[in-house]
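J.: Each chain, letter by letter, is given below.
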Amino acid sequence: DAKTTQPPSMDCAEGRAANLPCNHSTISGNEYVYWYRQIHSQGPQYIIHGLKNNETNEMASLIITEDRKSSTLILPHATLRDTAVYYCIVRPRSNDYKLSFGAGTTVTVRA
Amino acid sequence: EAGVTQSPTHLIKTRGQQATLRCSPISGHTSVYWYQQALGLGLQFLLWYDEGEERNRGNFPPRFSGRQFPNYSSELNVNALELEDSALYLCASSLVRAAPYNEQFFGPGTRLTVL
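Respectively, the protein sequence lines represent chains F and V. Mapping the first sequence onto this note's numbering, position 64 (from 1) lands on 52, and the numbers just tick up by one. Mapping the second sequence onto this note's numbering, position 17 (from 1) lands on 547, and the numbers just tick up by one.
For the record, the hints were derived by calculation from the structure and aren't laboratory data. Wrong hints could be hidden among the right ones.
[As the list claims (entries may be wrong)] Here are some chain V residues the structure puts well away from chain F; computed CB gaps all over 12 Å:
1) A532
2) R545
3) A549
4) R593
5) S603
6) N609
7) L613
8) V644
9) L645
[Unchecked claim] Pairwise CB distance ranges (calculated):
10) V:A532 to F:L68: 24 to 30 Å
11) F:A99 to V:G572: 27 to 33 Å
12) F:K57 to V:P600: 41 to 47 Å
13) F:P9 to V:T550: 39 to 45 Å
14) F:P9 to V:K543: 39 to 45 Å
15) V:Q547 to F:L39: 42 to 48 Å
16) F:P(-5) to V:L645: 34 to 40 Å
The beta-carbon is built from N, C-alpha and C at its ideal position, and this holds for glycine as well.
Bound conformation, chain F alone (with noise of 0.2 Å):
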């Protein structure tokens, strides 16, 4: 799988758009950019995916590059629940369905 490069950590303030960058340099053309979250001691929550085109749910909207060597999450207006750690991960469109997470960013949205 490609591996994927997101900064430890980044602050956010309330109501403000929080932009967060993940690099995949490595990534093949049949792998998809997963985004989950996960809120301290809880279970990780899906948040959105995408190939290679831009995505957006209610949750976020995910911004692919065209050459897909990067992506970027974005949480439109952040709360404070939002604050959480945000894994970027990149997974190949075969029967391998593992998540392999990374470290992730730690996402703190300031009042």
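Please arrange chain V on chain F, whose structure you already have, making use of the hints.
T.: Frame of chain F, contents of chain V only:
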């Protein structure tokens, strides 16, 4: 719709004992995954079961084992417990036939403490 459930919430054992953790997937999901989250080590993939069969295994010793029942619920067994097995054990489920997207939905976890 009920989410993934796990039991017990907390489990305390001593070294050398065996621990059994249980997971019930979301209704209709056929795949169950187990992950270990030890302090300072992050989330690590343990086991994947689908349709009653073990499909993949992470880099863990054989004393970590499990099974999936006909109703798709699953058990994780850890034999000969060691202190470093203390961790949060997370179960996730998905519908493999919905591939390639295959979002995994996680339960709240079982906190295992080995004394």
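J.: Now, for every hint given, state plainly whether the structure supports it.
T.: Hint check:
no.: 1; hint: A532; result: 14 Å, holds
no.: 2; hint: R545; result: 25 Å, holds
no.: 3; hint: A549; result: 19 Å, holds
no.: 4; hint: R593; result: 20 Å, holds
no.: 5; hint: S603; result: 16 Å, holds
no.: 6; hint: N609; result: 22 Å, holds
no.: 7; hint: L613; result: 21 Å, holds
no.: 8; hint: V644; result: 18 Å, holds
no.: 9; hint: L645; result: 20 Å, holds
no.: 10; hint: V:A532 to F:L68: 24 to 30 Å; result: 27 Å, holds
no.: 11; hint: F:A99 to V:G572: 27 to 33 Å; result: 29 Å, holds
no.: 12; hint: F:K57 to V:P600: 41 to 47 Å; result: 44 Å, holds
no.: 13; hint: F:P9 to V:T550: 39 to 45 Å; result: 41 Å, holds
no.: 14; hint: F:P9 to V:K543: 39 to 45 Å; result: 41 Å, holds
no.: 15; hint: V:Q547 to F:L39: 42 to 48 Å; result: 46 Å, holds
no.: 16; hint: F:P(-5) to V:L645: 34 to 40 Å; result: 37 Å, holds
The structure fails none of the hints (numbered hints given earlier).
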